[in-house]
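Starting from the known structure of chain A, fit chain B onto it as the hints suggest.
The listed protein sequences correspond, in order, to chains A and B. Residue numbering for the first sequence follows the numbering used here, starting at 1 and increasing by one per position. Residue numbering for the second sequence follows the numbering used here, starting at 1001 and increasing by one per position.
No lab work stands behind these hints: they were computed from the structure.
With a straight-line cut-off of 30 Å between C-alpha atoms, the simulated DSSO-like cross-links for lysine-lysine are:
(1) B:K1182 <-> B:K1111
(2) B:K1029 <-> B:K1177
(3) B:K1103 <-> B:K1177
(4) B:K1130 <-> B:K1111
(5) A:K215 <-> B:K1130
(6) B:K1153 <-> A:K196
(7) B:K1073 <-> A:K123
(8) A:K215 <-> A:K123
(9) A:K196 <-> B:K1130
(10) B:K1153 <-> B:K1104
(11) A:K196 <-> B:K1111
(12) B:K1029 <-> B:K1107
(13) A:K215 <-> B:K1073
(14) A:K215 <-> B:K1107
(15) B:K1132 <-> B:K1107
(16) A:K196 <-> B:K1104
(17) A:K215 <-> B:K1153
(18) A:K196 <-> B:K1103
(19) B:K1153 <-> B:K1130
(20) A:K196 <-> B:K1073
(21) A:K123 <-> B:K1008
(22) A:K196 <-> B:K1132
(23) A:K215 <-> B:K1132
(24) A:K215 <-> B:K1103
(25) B:K1103 <-> B:K1029
(26) A:K215 <-> A:K196
(27) B:K1103 <-> A:K123
(28) B:K1132 <-> B:K1177
(29) B:K1167 <-> B:K1130
(30) A:K196 <-> B:K1008
(31) A:K215 <-> B:K1111
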Amino acid sequence: MSSLSPEIPSPGVLAAEPRKTGSMKRDRRRALYWSYFFLALFVVFFLTPPIYMMITSLKSSAEIGAITNPWWVYAPTLENYWALLGSEQYLTFFKNSAIVSVVVVIVTMLISIPAAFALARMKFWGSAALGMGVFLTYLIPETLLFIPLFKIFAWVQDTLGIEVMNHYWVLMVIYPTLTVPFCTWIMIGYFASIPKELDEAALIDGAGYLQMLTKIFIPVALPGIIAATIFAFTVSWADFLYPMAFTTSADQLVLPAGIVTILIRGDVYAWGQIMAACLLGALPPLLIYAFLMDYYIAGLTAGATKG
Amino acid sequence: MAQVNLRKLVKHYDETPAVRGIDLDIADKEFVVLVGPSGCGKTTTLRMIAGLEDITDGEIVIGGDVVNDVPPKDRDIAMVFQNYALYPHMSVHENMSFGLRLKKVPKDEIKRRVANVATILALTELLDRKPKQLSGGQRQRVAMGRAIVRNPKVFLFDEPLSNLDAKLRVHMRTEIKKVHQKVRTTTVYVTHDQVEAMTLADRVVVMNAGRIEQIGTPHELYHSPATLFVAGFIGSPAMNMMKCSLEETAGALRLQVNGSISLPVPQERVARYRAYVGKRDLLLGLRPEHVTDVRGAALPGQATFEVPIEVTEPMGMETLVFFTINGSEICARTDPTAEIHPGKRAQLLADLRYMHLIDEASGRVL
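If we strip away everything but chain B, and leave its shape as in the complex, we get:
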């Protein structure tokens, strides 16, 4: 059990920068997920923590010790790979005990620990099988078992669920969470799937182009993204973005979205946004669940508007409604019973209490 600290971590491949200065403090027993699009440097960061990549600049501290030049085997970490990386010629038991055998742990102890972990992961029946004879989910559990059995300071997961089909992925996600609740080892988990990140993490680190965009709990990232990138990356369907401008009339602020749509800024936000009146390149960010069908009278901070609907996608519990404002496609989540039909105009409600005002040029959420 240990904390992990990354200080000004930099990685260049030849001249190409992959990671451009990362500062991150991971607390003991914390489950941190690095998430971002491919090429954002998240896997490189993980591999540097593992010791599989050299560090160009900066410092990695595990459990209080700088490990920059410590080989992987002496860092006391365990890693789960995307393609499992099970030793094909060894049985499940041998796979799980390989690290312990190399460390010359006594045989009885190995047997006890493997049996223990096998119970946690429901692998007891499979201990004598070869990886070839296992299903994808079982292999994934063995890979996790191999990591857990060594009782390391830190678990590193490199997109462990990407090779599984959608249904199994959801199942294994829960499994990983359960295991972490039982084993409580500091965990760094890399994924490109923001849903995985949100559901698993104590804290999510959103990365983009080699830098950290934002660090926060899933709740913080979802409700108060710091940048345009995070706002667009977290959440599915993605947050709606529409160009707008801010106008002041008689002490009240209005968002001018286009010729026909003008939305009032809620009173509590007026002071915060007043400085941006007349500023160019502003984006209004509004999550799909905050654009809904009109249900009764509008509360303060809510505003109705009318648009021609293009497409509706019934999902069962809700219906996604699509329309275009200012050239950007907007998605609304509406009640399935609402009378909204493609090709017709409809009244919709924008809940501006949850709005985000974004400066497009700097990418900051204002």
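Chain A extracted, bound-state conformation:
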């Protein structure tokens, strides 16, 4: 009897096993709680401003000025939205922004894709240094650049007689200086992750470099290209400094500059309309992100892991 007893698990041993898995579950649960805690913090931090904007945009000027609970709308109204959508100026800003952004995206893609292809695949003298240089140019902030650019534009105007300033098309020329380096950089990484044998196979199959790019690289790297497109669109849609510096007449303004120009008159802030205008302006990027989010994330993490 006594010799058998070690074989028979004591109640304590039996109980130990579920307790063990229980503690693992508890660890996992604790990790989850913390995740949710920080996610919640994150959500509050980032969603409070837009929610506040929306609340404010639904108030009349009188209610905004009144001393009431700022987090509650007592008399909701869409008058701010109707005013904006009926305003020719606001619609012009919208149109200008759309034209600028679409053109910038196209220009960026036309430059970045071949540039990234060349830097990733055609090993020519200085290609590595050039690739690094492309990225370094991205690190120079626009706040450093707008004054020199201003001087350059003035010089162009003086010597060549081309009126550069105060035309929204000038943004189509200078936004690519922000978008091309980053987009090229994303796509160098993406193209570099395509196995070398794939271009060699295409080369043997009879493709030239252009066909290799259009028939193999672009389709295979499409997620990366979509990510770059979103980035280029976001930058050119939301940039504030350049349009403020280089455009002034109301018919040449794009959204970010336009909103602060027409809706802030002296020290009078049309808060309701400003908020509504900003929310409406944020809509196109929001829609694009919503539909292409998965591609965007895939594009940003490309090259981090091998597929």
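Then chain B, alone, in the frame of chain A:
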């Protein structure tokens, strides 16, 4: 269909030589396998034939034309890569027809040729699938199909089976052989697997350190290797090598392997080896199947000897027996029913009619 000639082919990467002067004539419809350890220059040679690497020096001739400066697409070759290199966004049909579409071959013709090749490779059911949806073996067949469909002058295979598991590799090996028997296109095939080389090739080219060690049929390489390297590289388990010296007594030659083992050189080899009596650094090369258990009386040219056995590995149809002579491990292939046990001494038979005498210093088989 064409022959391929390599003349004094040299390739340097910066200052590092990868291929140091290769002369090779590949006949029309021949299946030639380049084999060697990694870094021996076999893949570089293949890539130079393909036009994917520049040539440092020498000449490549395909179908009578020097193609040194001809881009890959105009060499009329097709290549199968180790990792298949299928276009991931295209279906099997599109993958196979890509080259033809670039050449603007009429649609009907493309369809006919793809369907034809798909039948040969049993891909008909898979034509609409993407590479992602295929197994390794299927992808390999598609890669081959893409090559065959273009009906090129030369097929180039770059270790096409290394990414497959062992069983599938054996299967695909047979497939490749079958396809070559049907299509009969000149083929250059690179592998590091000597079994693959032996089973597939009309002729095998053994390469080492950027040079060709020996060119020959699988049979020639196996039975009369020209160098120590080839003798050691071809065959599995590898050829046994043991230090020995050659002694002459009364017109007969004996191989003195160590204090206790002395083996007679067969009569027909005496004249050939007499010059090397007393030479240092000689190696006796004997394949495992020529070291066996004693079965009946020894024939002329065979000799028995006794050694302590260290390990036995029963394989079913035979038993591999291991022991040490002069510090080198020797493997013998014996009958599974032979009474040989590890830790005990055993009588073994060396069939010296198949011996190789190797000069270790020059690496030549004498």
